[in-house]
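**Student:** Sequence:
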Amino acid sequence: MSRAGDDAERSDEEERRSESEFSCSSNPSGSPAEGIHSHGTLDCAEVIAEVWTLLDGECTPETREKLRRHLEACPGCFQHYGIEERIKALIATKCQGEKAPEGLRERLRLEIRRTTIIRGGS
1 MSRAGDDAER
11 SDEEERRSES
21 EFSCSSNPSG
31 SPAEGIHSHG
41 TLDCAEVIAE
51 VWTLLDGECT
61 PETREKLRRH
71 LEACPGCFQH
81 YGIEERIKAL
91 IATKCQGEKA
101 PEGLRERLRL
111 EIRRTTIIRG
121 GS
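Read in order, the letters of the sequence shown are residues 1 to 122 in the UniProt record's numbering.
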């Protein structure tokens, strides 16, 4: 087989492996992102879509509780949540304490002000 064929075959295998990593063990269709399976009031697709709002603390207490209950009942979504949580921690570690240069912050302030004036004047 050609090298390109080997690469394509490896890519397909990696994709199948990646999909199975996020599968809900009680979901016969395989993937939590398909949204077919649900635990309680949220289906897996909704949970996957809301993972970052939960990690960033941006969801309502009611949504947080629904997500928590779903994650406790769904191993696939819980695994996906854990991966995203580790990514967030890694980003925080690697970008720790870095701030935008003062010049950049000032340029952004001016641009925001200018945009606000243009919209307000229209």
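Quick caveat, the hints were computed from the structure, so don't treat them as lab data.
Values in this document were obtained by computation on a predicted structure and should not be read as measured data.
Honestly, I wouldn't trust all of these hints.
Claimed, not checked - Label pairs and their in silico Cβ distance ranges:
hint, residue 1, residue 2, range
1, T93, E58, 19 to 29 Å
2, R86, C59, 11 to 21 Å
3, T63, R109, 16 to 26 Å
What the hints assert, rightly or not - In silico lysine-lysine, DSBU-like type, Cα no more than 35 Å apart, as pairs:
hint, residue 1, residue 2
4, K88, K66
5, K94, K66
6, K99, K88
Virtual Cβ for every residue (Gly too), placed ideally from N, Cα, C.
**Student:** Against each hint, give a clear statement of whether it holds in the structure.
**Tutor:** Evaluated hints:
1. T93 x E58: 19 to 29 Å: Given range 19 to 29 Å: holds, Cβ gap about 21 Å.
2. R86 x C59: 11 to 21 Å: holds (20 Å)
3. T63 x R109: 16 to 26 Å: Cβ of T63 to Cβ of R109: about 33 Å, so the range 16 to 26 Å is violated.
4. K88 x K66: Given pair K88, K66 holds - Cα atoms ~21 Å apart, limit 35 Å.
5. K94 x K66: Satisfied, since the Cα-Cα distance of roughly 31 Å is no more than 35 Å.
6. K99 x K88: holds (17 Å)
Figure legend: structure checked against the earlier numbered hints; the only hint not met is number 3.
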